[in-house]
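J.: The primary structure of each chain is shown beneath.
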Amino acid sequence: MPVRVQTGDFDAGREIASLRAGDRGVGAIAVFVGTVRDRNDDADVGRLTLEHYPGMTEAALEDIVAQAKRRFDIHDVLVIHRVGPLAPGDQIVLVAVTGSHRGAAFDACEFTMDYLKTRAPFWKKERSKDGERWVEARASDDEAAARW
Amino acid sequence: MRDATETAVRLRLVYLARLREAFDSSGETLMLDHEAPTIDDVAGRLRARGGAWADELAPGRAVRFAVNHRLARRDDTVSDGDEVAIFPPVTGG
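Heads up: the protein sequence lines correspond to chains A and B, in order.
This note's numbering puts the first sequence at residues 94 to 241.
This note's numbering puts the second sequence at residues 414 to 506.
Next comes chain B alone, as it looks inside the complex:
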């Protein structure tokens, strides 16, 4: 018999640079109960918190996502145990 927790996706979120300051957090664990959540689902869940989350992750804001150290698109899916990083456009060099 399937347990409800089997569909849960546990993510390790990492916030970098200016977003770390805006969210006042360097990261957290996030649980999603979608079957196959996407980056968009993660962003939507965070936006729902309001405040800086809604502001920084609003449509049109230049935010980048990476899953397990690889740049990701909004429609990419995430899996249990994935590390999802959220950061501003890069400014190295």
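Next up, chain A with everything else stripped away, as it sits in the complex:
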């Protein structure tokens, strides 16, 4: 399965091993892992809750992976994105790309993340001692996606 949306954590090493298994032509594996930042310096750190739209989120991620495979000369792509409650330091997302050479693998990995940030239906809600607030989308993410 090229995309997974799950509450549980993932083991990047194990996922990479699975992704490349049986493909001796792989010369490059580009990987991105996104984690929850601790945005406060004090001890009372916040919690992040990831919401998604079951059905559309998976379809949107599959479409992004399909686009990456069409646009870049790569072998395979894996995307895992967690949902539900997460704490600072937790892993949120994994994007792994296998290819023969590093250029296309790096590009496809970055493309996939840029498109995920602007097109995949997820929404983050932060909770801190000051209360709860929904994270706002960033213009820089749209600019990054527009480069491709």
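What the hints contain is simulated information worked out from the structure, not anything from laboratory work.
Hints may contain errors.
Straight-line distance between alpha carbons at most 20 Å, and here's what the computed DMTMM-like set of lysine to aspartate or glutamate pairs gives [as the list claims (entries may be wrong)]:
#1 A/218 x B/434
#2 A/162 x A/131
#3 A/218 x A/131
#4 A/218 x A/102
#5 A/218 x B/437
#6 A/222 x A/108
#7 A/218 x B/469
#8 A/162 x A/203
#9 A/162 x A/102
Have a look at the derived ranges for each label pair, beta carbon to beta carbon [stated by the list, open to error]:
#10 A/180 x B/463: 35 to 43 Å
#11 A/235 x B/489: 17 to 25 Å
#12 B/461 x A/232: 30 to 38 Å
Just so it is clear, CB atoms sit at the ideal spot from N, CA and C, and this is done for glycine as well.
Since chain A is already given, all that's left is putting chain B on it; use the hints.
T.: Chain B alone, transformed into the frame defined by chain A:
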């Protein structure tokens, strides 16, 4: 003989994230009696309710629409039985 209800379009609306809280609703069934309603027609119908609906769906507000799990434009038409989701710009990753 055509029945008036034959032109009715029944939609399943889904509200997500901050909009679910603003509308105080996760979704509802909406009946429209247009021939070929567009996303704009749906938004207009909801805006007419006033309050948070008028506020969040006002022109210029960054709102996204999806029809049957695919992103939709304002001038896309919707059909009987479609699921229309309304949500803020995404913030995953």
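J.: If a hint holds in the structure, say so; if it does not, say that too.
T.: Each hint, compared with the structure:
1. For the proposed pair residue 218 of chain A and residue 434 of chain B, the alpha carbon gap of about 12 Å is at most 20 Å, so the pair holds.
2. Between residue 162 of chain A and residue 131 of chain A the alpha-carbon distance is near 34 Å, which puts this suggested pair outside the 20 Å criterion.
3. For the hint pairing residue 218 of chain A with residue 131 of chain A, the CA-to-CA distance comes to about 14 Å; that is within 20 Å, so the pair holds.
4. Restraint check for residue 218 of chain A and residue 102 of chain A: the C-alpha separation of about 19 Å stays at or below 20 Å, so the hint holds.
5. Straight-line distance between C-alpha atoms of residue 218 of chain A and residue 437 of chain B comes to about 16 Å, which keeps the hinted pair within the 20 Å bound.
6. The hinted pair formed by residue 222 of chain A and residue 108 of chain A fails the criterion: a straight-line CA distance of about 36 Å is larger than 20 Å.
7. For the hint pairing residue 218 of chain A with residue 469 of chain B, the CA-to-CA distance comes to about 18 Å; that is within 20 Å, so the pair holds.
8. A threshold of 20 Å between alpha carbons decides the hint, and for residue 162 of chain A with residue 203 of chain A the separation of about 13 Å falls inside it, so the pair holds.
9. Of the supplied pair hints, the one linking residue 162 of chain A and residue 102 of chain A is violated, its CA atoms being roughly 26 Å apart against a limit of 20 Å.
10. Between residue 180 of chain A and residue 463 of chain B the beta carbons are some 40 Å apart, a value that agrees with the proposed interval 35 to 43 Å.
11. About 21 Å separates the C-beta atoms of residue 235 of chain A and residue 489 of chain B, a value consistent with the hinted range of 17 to 25 Å.
12. Distance hint check: the CB atoms of residue 461 of chain B and residue 232 of chain A are about 31 Å apart, consistent with the given range 30 to 38 Å.
Hints 2, 6, 9, counting from the list given before, are not met by this structure.
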